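> Listed below, chain by chain, are the residues.
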Amino acid sequence: MDEELERDERVFLLGEEVAQYDGAYKISRGLWKKYGDKRIIDTPITEMGFAGIAVGAAMAGLRPICEFMTFNFSMQAIDQVINSAAKTYYMSAGFQSVPIVFRGPNGASAGVAAQHSQCFAAWYGHCPGLKVVSPWSAEDAKGLLKSAIRDDNPVVFLENELMYGVAFDMSEESQSKDFLIPFGKAKIERPGNHITVVSHSRMVTLCLDAAAVLAKEGIECEVINMRTIRPLDTETIETSIMKTNHLITVEGGWPQFGVGAEVLARIMEGPAFNFLDAPAVRVTGVDIPMPYAKILEDNSIPQIKDIIFSIKKTLNV
Amino acid sequence: MGSDSHFRLSADLPPLTSKRRHAPAFHTGAQTVSEGSRVVVSARSFADFTPQASFDIKRCDLHRLDEGPSVQTVLTREDGLRYYRTMQTMRRMELKADQLYKQKIIRGFCHLYDGQEACAVGIEAGINPMDHVITAYRAHGYTYTRGVPVKEIMAELTGRRGGVAKGKGGSMHMYAKNFYGGNGIVGAQVPLGAGVALACQYQGKNEVCVTLYGDGAANQGQIFESFNMAALWKLPCIFICENNKYGMGTSVERASASTDYYKRGDYIPGLRVDGMDVLGVREATRFAADFCRSGKGPILMELQTYRYHGHSMSDPGVSYRTREEIQEVRSKNDPISMLKDRMISSNMARVEEIKDIDAEIRKEIEEAAQFATSDPEPPLEDLCNHIFYNDAPLEVRGTNPWTKLKSMS
Numbered sequence: 001m002d003e004e005l006e007r008d009e010r011v012f013l014l015g016e017e018v019a020q021y022d023g024a025y026k027i028s029r030g031l032w033k034k035y036g037d038k039r040i041i042d043t044p045i046t047e048m049g050f051a052g053i054a055v056g057a058a059m060a061g062l063r064p065i066c067e068f069m070t071f072n073f074s075m076q077a078i079d080q081v082i083n084s085a086a087k088t089y090y091m092s093a094g095f096q097s098v099p100i101v102f103r104g105p106n107g108a109s110a111g112v113a114a115q116h117s118q119c120f121a122a123w124y125g126h127c128p129g130l131k132v133v134s135p136w137s138a139e140d141a142k143g144l145l146k147s148a149i150r151d152d153n154p155v156v157f158l159e160n161e162l163m164y165g166v167a168f169d170m171s172e173e174s175q176s177k178d179f180l181i182p183f184g185k186a187k188i189e190r191p192g193n194h195i196t197v198v199s200h201s202r203m204v205t206l207c208l209d210a211a212a213v214l215a216k217e218g219i220e221c222e223v224i225n226m227r228t229i230r231p232l233d234t235e236t237i238e239t240s241i242m243k244t245n246h247l248i249t250v251e252g253g254w255p256q257f258g259v260g261a262e263v264l265a266r267i268m269e270g271p272a273f274n275f276l277d278a279p280a281v282r283v284t285g286v287d288i289p290m291p292y293a294k295i296l297e298d299n300s301i302p303q304i305k306d307i308i309f310s311i312k313k314t315l316n317v
Numbered sequence: 001m002g003s004d005s006h007f008r009l010s011a012d013l014p015p016l017t018s019k020r021r022h023a024p025a026f027h028t029g030a031q032t033v034s035e036g037s038r039v040v041v042s043a044r045s046f047a048d049f050t051p052q053a054s055f056d057i058k059r060c061d062l063h064r065l066d067e068g069p070s071v072q073t074v075l076t077r078e079d080g081l082r083y084y085r086t087m088q089t090m091r092r093m094e095l096k097a098d099q100l101y102k103q104k105i106i107r108g109f110c111h112l113y114d115g116q117e118a119c120a121v122g123i124e125a126g127i128n129p130m131d132h133v134i135t136a137y138r139a140h141g142y143t144y145t146r147g148v149p150v151k152e153i154m155a156e157l158t159g160r161r162g163g164v165a166k167g168k169g170g171s172m173h174m175y176a177k178n179f180y181g182g183n184g185i186v187g188a189q190v191p192l193g194a195g196v197a198l199a200c201q202y203q204g205k206n207e208v209c210v211t212l213y214g215d216g217a218a219n220q221g222q223i224f225e226s227f228n229m230a231a232l233w234k235l236p237c238i239f240i241c242e243n244n245k246y247g248m249g250t251s252v253e254r255a256s257a258s259t260d261y262y263k264r265g266d267y268i269p270g271l272r273v274d275g276m277d278v279l280g281v282r283e284a285t286r287f288a289a290d291f292c293r294s295g296k297g298p299i300l301m302e303l304q305t306y307r308y309h310g311h312s313m314s315d316p317g318v319s320y321r322t323r324e325e326i327q328e329v330r331s332k333n334d335p336i337s338m339l340k341d342r343m344i345s346s347n348m349a350r351v352e353e354i355k356d357i358d359a360e361i362r363k364e365i366e367e368a369a370q371f372a373t374s375d376p377e378p379p380l381e382d383l384c385n386h387i388f389y390n391d392a393p394l395e396v397r398g399t400n401p402w403t404k405l406k407s408m409s
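In order, the protein sequences belong to chains A and B. Numbering-wise, the numbering used here puts 94 at position 94 of the first sequence, and it's gapless, one number per residue. Numbering-wise, the numbering used here puts 315 at position 315 of the second sequence, and it's gapless, one number per residue.
For the record, the hints were derived by calculation from the structure and aren't laboratory data. Only a predicted model underlies this, so the values are computations on that prediction, with no experimental measurement involved. The C-beta atom is built at its ideal place from N, Cα and C for all residues, glycine as well. A portion of the hints provided could be inaccurate.
To be verified - If you want a taste of the chain B side facing chain A, the calculated C-beta under 10 Å gives, among others:
| # | residue |
| --- | --- |
| 1 | A165 |
| 2 | M174 |
| 3 | A199 |
| 4 | K340 |
Chain B on its own, in the form it takes in the complex (with noise of 0.2 Å):
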């Protein structure tokens, strides 16, 4: 059932992209069976459930752009719990490492994403597997929906052996296949997002590359280079501005002469989406990457977002925006929440069954918790390892003249 499965959550769920709706042509095979098996799981094991249930999605703003992406949209529930099951994890994911931090079990820099979690689903939603993402350093949430197992990205966090990047990168530095992590500089990953468009477009695989920057990195001038060439060239680049309203400490008023930043590419057309509607920034993501594998060139999407905790666990987040401020966002506007209610009242989901899915994933938690917590710190030997990829050894100073140590591809 379903075509390739890149997503390893769990090895009997069917993959997180649900290519329904948009047909290019050469995945019309795969879906017609895939559609056909859905709905026959769930007549069988789940009579009484809706299989797929229409919503309105919010009008989307947009900039020189004719048109947007559809009003409405269809979800069904096997991809409604997909989505649900992804997000939650990532929610519990980061309060876990909320707790390890606060523990000193995990050190340096923490960015949580707790409150973001529609936008990174809704994004991998609305691309294949085989397109590219790349976005900066509040990127667990990104590493989990691009097919990291959540024990190797909390593994990491505690700087274990057995994290994604063997506890040599942290928090900021975790890649995979098609994700190009995990960046520090702020706004440096978007030219790199344009180059790994670049490189698609040279490569003719009608592949795109989702680049994401945040409303802090939008001022950024390599952005404005960005944006340039990619709109020159006709890079297949889709430019993500994730608003969560604040750069750190200083709101977007502070900070933007204009916090219209789906507008900011000027000439590169733009829409402004509501990122905490996965299914929202789902048909977004589509819409847009539909229109870069057309050859039109870049597209620019502000998602407006929020985070809960603040912009790292050194900042409490509340002495430049108001606890009410936050509650709010939290009661009204929850991303998990939101899709959860439209199961539910949709007839999609049941109550009993959301709660056995939170549960199976608090345990899963805690499972990695365990591991993060336990699994031993890379070995002295792997210091100096990974400097150059494909050389012979090479030997590197040590703190001392005396101290030659080895280094390995």
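If we strip away everything but chain A, and leave its shape as in the complex, we get (with noise of 0.2 Å):
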């Protein structure tokens, strides 16, 4: 964010505890010192005001950065993401652009219980009109932000609490101030042969982690960074699937119309299903709100021993 605010005048961010705290999850750290109140602006408590401000502040001619403090903060604000920005380019026949970047933490985090550890990704990945990205690596993060706040619409931004306090290595080509990550185009973080595993988010860990255990009984998975909810890249599973012939998605949301339902139906539609050796399935939160107390929390969403289970099932094996 340092980096877009000092190349672009326009780049400006708002949200609550950005400036004077420093970001209430210490993202914006340093900013407000640096750029002053003009640039980093303290909103009150009023997140349809402060969406509201901001998309008209990117109708007027500005690249706004709009912080929610975690996503589930963004459903008061959800009716200007959707039908201020989303919408409006079609709306108005390509007349009136919305550049802004809706942005903040996703998804469950720990022990903040169910009205703090919802995921977004399916609600926003729904609606034409936005880009959705879940970048997670700290390339990801850094590449796929600065290519979201200098893309000229309207971009949900699903970061991780948890992830954020994890070290990434940075390849050298990623330390420029021009690195960017284009959107729809996922990664394969691990190739193999035996599986197609697609995540997004922290579940790319866990999918890593399974890979490893796995790989010692000898079965390669090849696990795949979405790194795009929106626009989703079908090719390269596609291509995975093609070599792998098994497909597992694994996701920390709900399994009710979600990032993974997506990823199976395109599969069902396209030329891959008939590479499917055994029906695709989805690892996925489960479909209760989160419950706090640590055993159950835990046991709510995948674990690496649920992905190590899906893929031996998938395999038959």
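Can you join these two chains into the complex? Each is in its own frame, and there are hints to help.
Spelled out as structure tokens, the structure:
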């Protein structure tokens, strides 16, 4: 964000505690000190209002980054995201564009209970007019966020609180101030021949962990990091299935009408279906509001053993 | 003669905005020229007309303001004719839309503005072309005053390719330069307007944003959220409540614990204006714009107005109010009649002249309606276009997996 604020003076950040508090999760640390009140704006706790203000500012020539402290609170503002931001370019037949980024942590955290743990990837991924992005690694976060800020359209950028503290090696290339990752292109994080494992955000870590365990048993998983929810990179998944003949998806969100459901539907409808040796399945969060007690919470989202179990069932081993 | 002509009604008409009374320094030069030339034209062509006259306007109720707009204003013949022409055009346009709707040539939602013309015209007269306006769904009038030709408005209502949004928006989604619609979700346009004002402040161009909403929307939480941020950050936003007494079928008394909408901004200064008097609206808007431009922060205006039609074309408009009430407003408070009477009684216009203008307008509306009914619908190739701006072409799923459609920016 610092690089993009420096690069383009129309870019600014607004949200709760983003300025003087340095960000609820410290993502905007140091920015207010460097850029001041004009460009880093603390808002009152009024999501519908400040999201609408951000959209209006985008319509009038600025490039706002609107932070939701978590995407759970975006529900208060969702009308502005969908009806004011996403649909406007279409309704105006190309007259009015809305270059805005809505970002913040999404999905389950740790011990924050039902109202603070929902995954919104499927909700936003449903809507035309939005680009919906879900980074996993540090490179993802950097490259995709920069692309989001430079994009002239509304982008929903789904971060993950539990990933904020995870360190990753960064390639030489990714150190550049112009390092951009294009939307709509998934990344194969781990190649393999036996099964395609498609995931996004924090669950990618669990998939890789599961793959490491399975590799010891001679099962080689191809782990695909979706990176973008909308537009969804079906092609990379199809190409992988044509090689592995098996598919599972892994997500933290609920199963019904979720990200995995969409991936499976697309595979059914496309050329890769004929390459499947077994039905494709989804590994998802349990279909319940998130409980608080640790033992319950741990069993509400996919664990490594659940992924391993589903892979073995699919492979019939 | 005159400065930038943003107003596209007729190519040879001078700009709608009359900048004469409140003269920010940067306008002085242009004003002197136009002032002089206006008087000269008047004297040359119609030697026996009064070039301008002074009118009393109702004093505004004030909230947290020591002084309000002036209670007297000067109207020139030129401005008067222009306001008349604009209001009458809007009136006839809306009545024509009524007709087309009943013939099922316009479908879906159609929220008509007849009766409220003085608001849109007075506001436009009180601001500059480079200022910004956003409103809700009763937007045809503002679309016109912000520069979109009648035929493009009507063709949008009939869903044709010649419509201002190429037929893809419809009645509630028309846009123009510095006009952000046309918004279908009640109240949502208010934070948007405050955001436009934020952009004005951020970009330092001394522009203001006029953010309109109705009495029905006035209770929306997001409006109060916008008031709070606009006041905190001193955004140059003129919040305007067009109070036409009914939110759909619910009268203001049944919807609002407080119907003093001009006070609902609490810490934001407010004024209540007779929205049927175009000159009163103009003065109040100038006052409000000056207030905002001077960096004092937002201000709130309540315009007391009235709509002759029901809420939309599916509402006959007489189940929650009496025909007598409607008739009373029409006969005693019609904004167009009031202006016409003022012009004629002060010898700034003649009855025949007004009749000629009416005839011209009737013809213009007929031609626009002709265009709107004969222009073809948008091509199917346009179905998926305009999803994203400045993007590579995109593939869009059709209704079935074998149908892949193309989307261009």
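> For each hint, tell me whether it holds in the structure or not.
Now for the hints, and whether the structure bears them out:
1. A least Cβ separation of about 4 Å between B:A165 and chain A falls short of the 10 Å threshold, and the interface hint therefore holds.
2. The beta carbon of B:M174 comes within 8 Å of a beta carbon in chain A, closer than 10 Å, and the hint placing it at the interface holds.
3. Hint status for B:A199: holds, given a least beta-carbon distance of 4 Å to chain A, under 10 Å.
4. Evaluation of the B:K340 hint against chain A yields a violated restraint, the C-beta minimum of about 35 Å exceeding 10 Å.
Checked against the numbered hints given earlier, this structure breaks only hint 4.
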